[in-house]
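Trainee: Input sequences plus hints: build the corresponding full structure.
Residue numbers (the working numbering), protein chains in the order written: chain A, 1 to 119; chain B, 1 to 119.
Since the hints were derived computationally from the structure, they do not count as laboratory data. Only a predicted model underlies this, so the values are computations on that prediction, with no experimental measurement involved. Hints may contain errors.
[Claimed, not checked] Mimicking EDC-like on lysine to aspartate or glutamate, the simulated pairs with C-alpha atoms at most 16 Å apart in a straight line are:
#1 A:K79 with A:E57
#2 A:K79 with B:E89
#3 A:K67 with B:E2
#4 A:K36 with A:D15
#5 A:K55 with A:E2
#6 B:K67 with A:E2
#7 A:K20 with A:E8
#8 B:K55 with A:E73
#9 B:K79 with A:E2
#10 A:K9 with B:E47
#11 B:K9 with A:E73
#12 B:K36 with B:E90
#13 A:K55 with A:E71
#14 B:K55 with B:E71
#15 B:K79 with B:E90
#16 A:K55 with B:E73
#17 B:K55 with A:E71
#18 A:K79 with A:E38
#19 B:K84 with B:E57
#20 A:K79 with A:E24
#21 A:K9 with B:E71
#22 B:K9 with A:E24
#23 A:K84 with A:E38
#24 A:K79 with B:E90
#25 B:K79 with A:E24
#26 B:K79 with B:E57
#27 A:K36 with A:E89
#28 B:K55 with B:E45
#29 A:K55 with B:E71
#30 B:K67 with B:E57
[As the list claims (entries may be wrong)] Examples of chain B residues lying across from chain A (beta carbon under 8 Å, computed):
#31 A7
#32 S11
#33 M50
#34 R63
#35 G65
#36 E73
#37 V77
[To be verified] Covered stretches of chain B (chain A as the covering partner; in silico rule of three or more C-beta atoms under 8 Å from a C-beta of chain A):
#38 39-49
#39 89-98
Even for Gly, the Cβ is constructed at its ideal location relative to N, Cα and C.
In case you want the letters, here they are:
2 protein chains.
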Amino acid sequence: MEIVNIAEKLSSFTDHWSPKIIGELNGQQVRLSKFKGEFVWHHHENEDEMFLVIKGELTLGFRDGDKVLNEGEFIIVPKGVEHKPSAQEEVSVLMFEPATALNTGNLDNDLTIMNLDRI
Amino acid sequence: MEIVNIAEKLSSFTDHWSPKIIGELNGQQVRLSKFKGEFVWHHHENEDEMFLVIKGELTLGFRDGDKVLNEGEFIIVPKGVEHKPSAQEEVSVLMFEPATALNTGNLDNDLTIMNLDRI
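Mentor: Pasting the structure below:
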């Protein structure tokens, strides 16, 4: 058992849209990522996904409008719901989702990362 | 879909050792609790449990020694591993665990809460 310091983990990488695995439990993963700019519209067929903002401001686009999350706020996106993360300035986000969840959900494209790094 | 502000949720209750459900996804729950004093030794037969410190300092006793977690740090306690949460001063903790996890794990005693509040 290891104590994980989220700030330390954040300081260990600089790339965007590339979630890192920082914990695993009960078939779920705790992932940490930095977002900047715009991601693609996608949904997860079988997985609900939680986004918790650690630092910065996260915009989640939904088909019926945007939601803006600040530090210390989270949202749970149910499976099947299309969403599009974006951030004008860099935002650090902790995600909680099943280990099976692809970062691009139903899409397989240049942004898809099949094997996430563990840090 | 609701944006959950963790600080707001924390300000809505004052009791200790009584986890509140603040989110649910994939059969898991996000729980928020305040601890102060000493809890009981217990383990969870089938559930891994994650403790993330939001504010304060959390001590987790294990049979081979204590671990102390500060704000922004988490630990995942694998199923079957005995642990004993305690806090000299009040600590606010976010927990991720399966919806099936009892707060007292393998024990059923005065501290056991069968139906957690949703806040």
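Trainee: To test your reading of the hints: which numbers does this structure violate?
Mentor: Going through the list in order, the structure violates hints 1, 2, 5, 10, 15, 18, 20, 22, 24, 26, 28, 32, 34, 35 and respects the others.
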